[in-house]
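Undergrad: The chain contents come next:
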Amino acid sequence: MGLDLLLASTPPADSGGGFDLLGIVLWPLKWAVELILVAWHWLLTVVGLPTASGVTWVLAIVGLVIVVRAAVFPLFVKQIKSQRKMMEIAPELKKVQEKYKGKRDQLSREAMSRETMALYKKHGTTPMSSCLPLLVQMPIFFALFSVLRDVGTHAKAGGGGVGMLTPELTKEFYDAKLLGTVSLHETLGDAWSGQNTPAIVLLVILVVLMIGSQFYTQLQIISKNLSPEAKTGQAYQMQKIMLYILPLGFIFSGVFFPLGVVVYWFVSNLWTMGQQFMVIREMPTPGSEAARAREERLARKGKAIAADGKVVPMAVYEAEQQRKLEEVERAKAETPKREQPMSKKRAKKKGSN
Amino acid sequence: MSALPSYAFGTARFRASDLLRSILILPRNAVLAFLVAYRSVISPLYGDVCRYYPSCSAYAVGAVQQHGALWGAVLSAWRILRCNPWSKGGVDDVRPHAHFRYELTPHGFVVPARKD
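Note that the protein sequences, when read in sequence, are chains P and V.
Per my numbering, the first sequence starts with residue 1, numbered consecutively.
Per my numbering, the second sequence starts with residue 1001, numbered consecutively.
Just so you know, the hints here were simulated from the structure itself, not pulled from any lab data.
None of these values were measured; they are calculated from a predicted model.
Cβ atoms here follow ideal geometry from the backbone N, Cα and C, with glycine treated the same way.
Check the hints yourself; a few may be wrong.
Claimed, not checked - EDC-like, lysine to aspartate or glutamate: derived pairs with alpha carbons at most 20 Å apart:
1. P:LYS121 with V:ASP1093
2. P:LYS177 with P:ASP150
3. P:LYS78 with V:ASP1048
4. P:LYS85 with V:ASP1048
5. P:LYS240 with V:ASP1048
6. P:LYS231 with V:ASP1048
As the list claims (entries may be wrong) - Pair ranges (Cβ atoms, derived):
7. V:PHE1100 with P:PRO133: 29 to 39 Å
8. V:PHE1100 with P:LEU325: 35 to 45 Å
9. P:GLU318 with V:PHE1034: 52 to 62 Å
10. P:ALA157 with V:ALA1073: 31 to 41 Å
11. P:LEU107 with V:PHE1034: 25 to 35 Å
12. P:GLU98 with V:ASP1093: 20 to 30 Å
13. P:LEU107 with V:PRO1027: 25 to 35 Å
14. V:ARG1013 with P:ILE205: 48 to 58 Å
Work the whole structure out from these sequences, hints included.
TA: Here it is in structure tokens:
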């Protein structure tokens, strides 16, 4: 998600006159964002929070994060389930990897990718999350960004948003303040020029937390949840470099984000962090450091992971291993022993004895 | 970043004498320059996410080389739409242009074919 924010931070073009394609594409999304915000705000005031308070509006933004992330959660679960299924094709996958082991030229890599992808397709499972969701998240973020930005211009003009955000609510949103002085539409730049110390402190803390959570999540993935094969690639090196370069970009963009957007981003990052923590702990990538840690944890509790990926008591696991061993031995015993070929001459000789 | 398929790069080199003939393929080379930058800077951040070989960005490179900036963009957009959580993925190559008249450089840029 972080990257989308970086792209969104470029100053929006003035939509004065002319054909506004972006505006038309964003309109339904903005409408939905406003609906969710207003719905949460209404719910929170029903519960008893003061309607014009900054806290209420911040919580409404938190609610927006919950709705958006919960909506894409089924996709996440789907991917995890698919990862479980990966265990079944692990032997075949390993065969492909063995075949191209140590071959680093472009043609070998191409052939390996082709075979791997064909294998995934054959079994109807894939560890890849697909490209479209990455692109879909961007307009959602753009929509939020422009809703929050429009609150400022609309409140000054006395107008409302594109949908549920009425002129009164827009005004209220615009006037809502945290700690008595910090508006939700305030950016670090505004706060600096306005000499608003509480706003500067709050924004700096949030931007630091936001970057910190992003960095920590990426670090966890890179250091714990990558298989040894993934760690040999060129992409891995790049990811490691970007881990340190990207936060610098976010510091820059953090200056231009209004507080509301920073809150959205931070809470969204917290959600990602929680999800990732769960994945690393309970469904790590096979072969990664996290997977080893999980096996050790399970072993301490007297449990192990069976061939189908389910957690079973150690006794059952050992029985399974024993059975497999016996099966192999039985198969060995059953196959007829290969007889040493004998020349006709020797056979005759032997027969005459 | 997944590797470019072997049909997406070549051994040709740009020659200054072809400058005039290159104007026609300037749009697709501009798009290719953007794709090369995207693939080396932004793609690695996402890691391997694509369900296809070639990956969506590598497919875009091939599509723009073969079919030009406009039709290549349309093909790429359609491919990204297909690369969704419900798709099966697999191997999905760009259909080459029936009369491809250009040559490819090692980085995948398009240059006019040499007659010799």
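Undergrad: Now look at each hint and say whether the structure bears it out.
TA: Hints, one by one, checked against the model:
Between P:LYS121 and V:ASP1093 the alpha-carbon distance is near 15 Å, which keeps this suggested pair within the 20 Å criterion. Simply put, P:LYS177 and P:ASP150 have alpha-carbon atoms about 17 Å apart, close enough for the 20 Å limit, and the pair holds. For the hint pairing P:LYS78 with V:ASP1048, the CA-to-CA distance comes to about 17 Å; that is within 20 Å, so the pair holds. A C-alpha spacing of about 18 Å is found between P:LYS85 and V:ASP1048, which places the hinted pair at or below 20 Å, so the restraint holds.
Straight-line distance between C-alpha atoms of P:LYS240 and V:ASP1048 comes to about 14 Å, which keeps the hinted pair within the 20 Å bound. A threshold of 20 Å between alpha carbons decides the hint, and for P:LYS231 with V:ASP1048 the separation of about 12 Å falls inside it, so the pair holds. Checking the proposed 29 to 39 Å range against V:PHE1100 and P:PRO133 shows it holds: the Cβ atoms sit about 33 Å from each other. For V:PHE1100 and P:LEU325, the Cβ-Cβ distance of about 58 Å falls outside the hinted range of 35 to 45 Å, so the restraint is violated.
At roughly 57 Å, the beta-carbon separation of P:GLU318 and V:PHE1034 lies within the given 52 to 62 Å, and the hint holds. Look at P:ALA157 against V:ALA1073: about 38 Å separates their beta carbons, and that is inside 31 to 41 Å. Against the hinted window of 25 to 35 Å, the Cβ-Cβ separation of P:LEU107 and V:PHE1034 comes to about 26 Å, which satisfies the hint. At roughly 26 Å, the beta-carbon separation of P:GLU98 and V:ASP1093 lies within the given 20 to 30 Å, and the hint holds.
Range check, P:LEU107 to V:PRO1027: about 30 Å between beta-carbon atoms, so the 25 to 35 Å window is met. The hinted window of 48 to 58 Å between V:ARG1013 and P:ILE205 holds, with their beta carbons roughly 54 Å apart.
When each numbered hint is compared with the structure, a violation occurs for hint 8 only.
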